[in-house]
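As a plain string of letters, each chain reads:
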Amino acid sequence: MEIGLNHYLVLSTILFAIGLVGVMRRKNLLLLFFATEILLNAVNIAFAAISHYYGDMTGQMFAFFIIAVAASEVAVGLGLLIVWYKRHGSIDLDVLTTMKG
Amino acid sequence: MEKYLYIALFAPLVSSLFSLLFTATPKKLFTGIVASLLIITSLISSSILLTHILETGEPIHVTMMTWMQTGGLYIPFGFLVDQVSVTMMMVVTLVSSVVHVYAIGYMDHDKGFNRFFAWLSAFVFSMMILVMSDNYAGLFIGWEGVGLCSWGLIGFWFHKESATWAANEAFIMNRIADLGMLIGLFLIYWNTGTLQYDGAFAAFHQLPTATLTWIGIFLFIGAMGKSAQFPLHTWLADAMEGPTPVSALIHAATMVTAGVYLVIRSHELYSLIPHVGLFIASLGTFVALFAASMALVNRDMKRVIAYSTLSQLGYMFAAAGLGAYWVALFHLMAHAGFKALLFLGAGNVMHAMKDELDPFKMGGLKKVMKWTWIMMVIGSLALAGVIPFAGFFSKDTILEAAYSGNHMVIYGVLLFTAGLTAFYSFRLVALIFHGEERYKLFGVHPHEAYRFMLVAMSPLLLVAIVVGILQTPFFDMVEEVLNGHEYHIEHTLALIMLVGTQLFVGLAILYAYVKYANSKIKVPDGTSKIENSFAYKLLINQYYIPYAYEEYIVKPYRELSEFFWQKIDVKVVDATVDGIASIIYNTGEKTRDMQSGNLSTMLRWMVVGLIILLSLAVIFGFTVKYSGV
Amino acid sequence: MLDHILSILIFFPALAAVFGFMIQKESMRTYGVAVALIEFVLSLVLWYAFDNNVSGMQFVENIPLIPAFGINYSLGIDGISLFIIILSAFFTFLGIVSLTDTPKVKYMIITLLFLQMTMAGVFAALDAIVFYTFWELSLVPMLYIIGAWGGPLRIYASIKFFLYTFAGSLVMLVGMLFMAYFYHQAAGVWSFSILDWYRLVLPENFQLWLFVAFFIGFAIKVPMFPFHTWLPYAHGQAPTIGSVILAAILLKMGTYAFVRFSLPLFPDAAAYFMIPIAILAVIMIIYTSMVAYAQKDIKQVVAYSSIAHMGVIILGTFALNVEGVSGSIFLMLGHGVVAGGLFMLVGVIYDRRHTKLMSEFGGLAHVMPRYATIFGIMMMASVGLPLTINFVGEFLSLLGFYQQSHILTLLAGTGIIVGAIYMLAAYKKAFFGEVTNEANKNLPDINKKELFGIIPLVIVAIWLGVYPKPVLGPINNSVTSIIKLMHAKATTELAKERIPDLTKPRVFLMKKTINKEVN
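If you read the sequences in order, they're chains A, B and C. For the first sequence, position 1 (counting from the first letter as 1) is numbered 383 according to the numbering used here, and the numbering increases by one without interruption. For the second sequence, position 1 (counting from the first letter as 1) is numbered 100 according to the numbering used here, and the numbering increases by one without interruption. For the third sequence, position 7 (counting from the first letter as 1) is numbered 49 according to the numbering used here, and the numbering increases by one without interruption.
Chain A with its partners taken away, still in its complex shape (with noise of 0.2 Å):
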């Protein structure tokens, strides 16, 4: 049997559930970010995935900007992560309410 574009759709797509799933169900801000960047890569195989099956270059291109932005995000969001560690002395979601309405 031949991998074809369906199965890496499908793999996308399960690598976006769990993503999902990470982010509804993560109380934990670390793990966020890990189900984040689980739901951006989703989306990247699906980009570079329908890329080559079109043979059009701009979905892997997509793919690359997205990386460099996750990983900047990455910096952003972990140097802010630390900093309310440091402050609160907890990443718990739970506590992090100073936005409610």
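Derived by calculation from the structure, the hints in this document are not laboratory data. A portion of the hints provided could be inaccurate.
Coverage of chain C stretches by chain B, computed from C-beta distances (three or more under 8 Å per stretch; other residues unrestricted) [to be verified]:
1) 334-340
2) 411-418
3) 469-480
Straight line, CA to CA, 30 Å or less: simulated DSS-like cross-link-like pairs of lysine-lysine [said to hold, decoys possible]:
4) 666/B / 471/C
5) 210/B / 490/C
6) 127/B / 470/C
7) 670/B / 453/B
8) 670/B / 338/C
9) 127/B / 483/C
10) 453/B / 621/B
11) 127/B / 491/C
12) 654/B / 491/C
13) 338/C / 654/B
14) 471/C / 210/B
15) 491/C / 338/C
16) 210/B / 491/C
17) 259/B / 210/B
18) 409/A / 689/B
19) 654/B / 471/C
Ideal placement from N, C-alpha and C gives every residue a C-beta, glycine not left out.
Here the structure of chain A is known, so what remains is to put chains B and C in place on it, guided by the hints.
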């Protein structure tokens, strides 16, 4: 001649403005004198205009300036002095001159002396505009103006609740009628394109009868209010709360006759619609009887005279409705003279009796007030229509007009009413001036009025005595405008009618004297048999009409207003608006919980939103795909 | 200077207001009076330079703002807007002159000057976006006046005023955008110019929708029944000066906009909706007059009477003939003068007693005779007595509408009866009778400063009642051109019938007699 026209018109205005300057200051005798002089100036100018009209027969027509002009509408301040309006001008200026001079004495001790003259002269000015205007809009200015002045003068003693109430009642009732008049003006404008008398009259001949009928009805509704015809009559008796000179001038001689003037002025309209005329005549006849019946029992001197005014206005409308416009005008003129005389006489009595109004508490005043007595008797004779006084000529002609027009019911009722008139007039005279001196029980020391007041009244006395002789010259003068004709009934028949009428009236007077001039009259205390009879109660309560108005119109109106405000405006309209606002606000309150600040919850909401959007996209995608577009 | 006089009229008070922040508190009053006086004189110069024989726009200014969308800063006035602008400058002047001991008077004057800017802007704007901008901006100073200087319920009242009218004008904005879109479809270019829009003939169903959109915005502003409930609160809570300006000028924006937008843009829709709107107007007249009669607070009586008079204005506007529309515009001025004057007069007694309840007064005519006289004159003007300013407007409005419907005019005419009822009843309660309340025994009569504010209004009320020609003439010219335009644009039979054709000689004979309508 135009100069005199303007002097006649604006002298009262100057007088009013002059007195107005001093309204806030204490009594100044000269305001009264200056005001009277200016009104007399107006009288003199009117007389000059009268002689001019008599000599040349040519009306004077001037246009002062534009008032309103827009679209096809053009209304100028235009004034017309013709045979009809000059008659009215003479009546107005003569009676008002007398009343002005008289009031200097009557209002002697009043704080509002200056204010009184400001209002009184303003009234004369409005009345002059009313009668001199050459178009319906100008007439309406005067119409509303006299209404305003009547409001101010009825409520002159504004500390009295009853006076201010009566003032408001008069104004509002007149407003009801004014609406009718206004609608009449609109109809005239949209059908003829003008409100000028000459233009409109010329155009009336081409209009369908239905339209003319409506115009006639609406104008007459206006006349009904001002002339206090049933069912808008209750204000007139209540208006007696005002100072007595006001009652003499406004509520007897001039303002209340404005309605009659309107019908006479519009005679070209009403002669095209005799069926409306017949209605006017019937209503007038009814009012004549209706008001006379209420005057029979009333125990308020001024109200009795007010009801008799109402009754005489009925006579005028009967004449005007039957097409005898000149007769109506003649009766108006004669009536103005003797009715003002009666009121001023009543004013003398009131002064003497310390504002007592109940004739049963007077009696025997003849001794102390001889001149007043003479004047009141002559006024009453004229009112009763005794030969040769003014009322005889005018009223008798009305009867003749009814008779020769074959309106036997109208004739009969009017004749019967003439008897009632004689009875109640002399009932009053007998009660006040004859019999026992009952006033002594109340510790009053009556005295005759100032000499100059009596002198001031004398022109009216003259009118009451001699005006009847002027009937033929008067007819010759106004026939040019009013196209009337003299009523000639076969000689013997006329003689029989004359004698019959006089006999009837004479008997009524005699009966009144026999019944009320004796020494057995006591101040009624509500126990006598007659006072408990149904008819008496009906009449003394004015057929329960004021009661019905209060109970079935005023009260429901007040309650409905409260209901509209408290229930509809606050509870429905405003509550709906606030309801919508609070729905939006509450939705915000409720959904606020979503913004818990908890990142995890918010992310879950985000996923929910994502799923909803995705499913929407899928659904729409499939719809588009399979809808076959 | 005359070329830019409208811009000067609009921005001079705003500029002066900005400088006002730097003025010392003590001299602020003088400064304000001076600025308002200059503004008023400028508006009189405008009148002097106005050519009465021209029916179109004058003093036109045009500066492109966003050329791509055809949005221009364009101004101009005709006979309709000229007098409302003068009236607004007049009232700003009188308002500042007669300001009584207000706290923070400096900021009040600055607010009033800003308000004058927005008012002049609304009535001079010839571009829908400029119009809308000033229309919305006018809410801000008013919100501030009510909210900062108002009575105990001021926050509720001001927010209600703001949100209600704001919600309405958003619908109007959508209508304007659609209108511009339709113009783009038809002409190929974008334009928000009202004069360009005048030339566009829309199909009837578009007109109906757009008319409704505009109507909601205007009707809330007027305010028409049943959108009127913000007004009693606003008046009840606003300080005297706020009520004066609100009644005299701000309400006129709605009725002015009807004449400026609804009639010439949508003649078919105006004819189509004429009867329903007239019924609303009749309800406004009778119903609010009755509500006014039930009021205990004299200021609320005047507030509700304003709504009733606005009903007559609406009726005249939708008469769709020269007599009616001219009358309604004249009545806008008349009601401005009279209602403004009455609110000022209520303010006089409020300053003395700090209550507006009629039951607290009674017999004031004894202690304050001059005040009672002036109040009486203004009351009679409000009731619409001939030779006062309101009569001319009411007479013409009702006369105009009579051509369209007998019965509705008859019903609306009852306004002159019920109007007299509530006014006379209120006057009787407050001024007549004996002085029963101890607190009223020694009230000082109206003083010089108050007289200075009120006497000009009395003079105008009588002057324009006796001699309305200088004002009625220019109004008549502009209205005639609008009615001509409407007749030319009308597409439906109904509109052709209801809007008179002024190019033909007039035939006076009503097409239908009353009999037909009664049957």
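A quick look at each hint next to the structure:
Counting residues of the stretch 334-340 of chain C whose CB lies closer than 8 Å to any CB of chain B gives 3, so the stated coverage by that chain holds, three being the minimum. Chain B is given as covering the stretch 411-418 of chain C, and this holds because 3 residues of the stretch bring a CB closer than 8 Å to a CB of that chain, at least three being needed. A count of 5 residues in the stretch 469-480 of chain C with a Cβ less than 8 Å from any Cβ of chain B is obtained; the coverage claim is therefore met, three being the minimum. Between residue 666/B and residue 471/C the alpha-carbon distance is near 24 Å, which keeps this suggested pair within the 30 Å criterion.
For the proposed pair residue 210/B and residue 490/C, the alpha carbon gap of about 25 Å is at most 30 Å, so the pair holds. Taking the CA atoms of residue 127/B and residue 470/C, the gap is near 27 Å; set against the 30 Å cutoff, the hint holds. Proposed proximity of residue 670/B and residue 453/B is contradicted: the alpha carbons are some 54 Å apart, above 30 Å. Taking the CA atoms of residue 670/B and residue 338/C, the gap is about 17 Å. The hint holds against a cut of 30 Å.
Taking the CA atoms of residue 127/B and residue 483/C, the gap is about 25 Å. The hint holds against a cut of 30 Å. For the suggested pair residue 453/B and residue 621/B, the alpha carbons sit about 20 Å apart, so the restraint of at most 30 Å is met. Only pairs whose Cα atoms come within 30 Å are accepted, and residue 127/B paired with residue 491/C is accepted, the gap being roughly 28 Å. A hinted pair counts as satisfied when its Cα atoms are at most 30 Å apart, and residue 654/B with residue 491/C does not qualify at roughly 42 Å.
For the hint pairing residue 338/C with residue 654/B, the CA-to-CA distance comes to about 17 Å; that is within 30 Å, so the pair holds. For a cut-off of 30 Å, the pair hint linking residue 471/C to residue 210/B stands: about 22 Å separates their Cα positions. Straight-line distance between C-alpha atoms of residue 491/C and residue 338/C comes to about 28 Å, which keeps the hinted pair within the 30 Å bound. Taking the CA atoms of residue 210/B and residue 491/C, the gap is about 28 Å. The hint holds against a cut of 30 Å.
Only pairs whose Cα atoms come within 30 Å are accepted, and residue 259/B paired with residue 210/B is accepted, the gap being roughly 14 Å. Our distance criterion of 30 Å between C-alpha atoms is met by residue 409/A and residue 689/B, whose separation comes to about 25 Å. For the proposed pair residue 654/B and residue 471/C, the alpha carbon gap of about 17 Å is at most 30 Å, so the pair holds.
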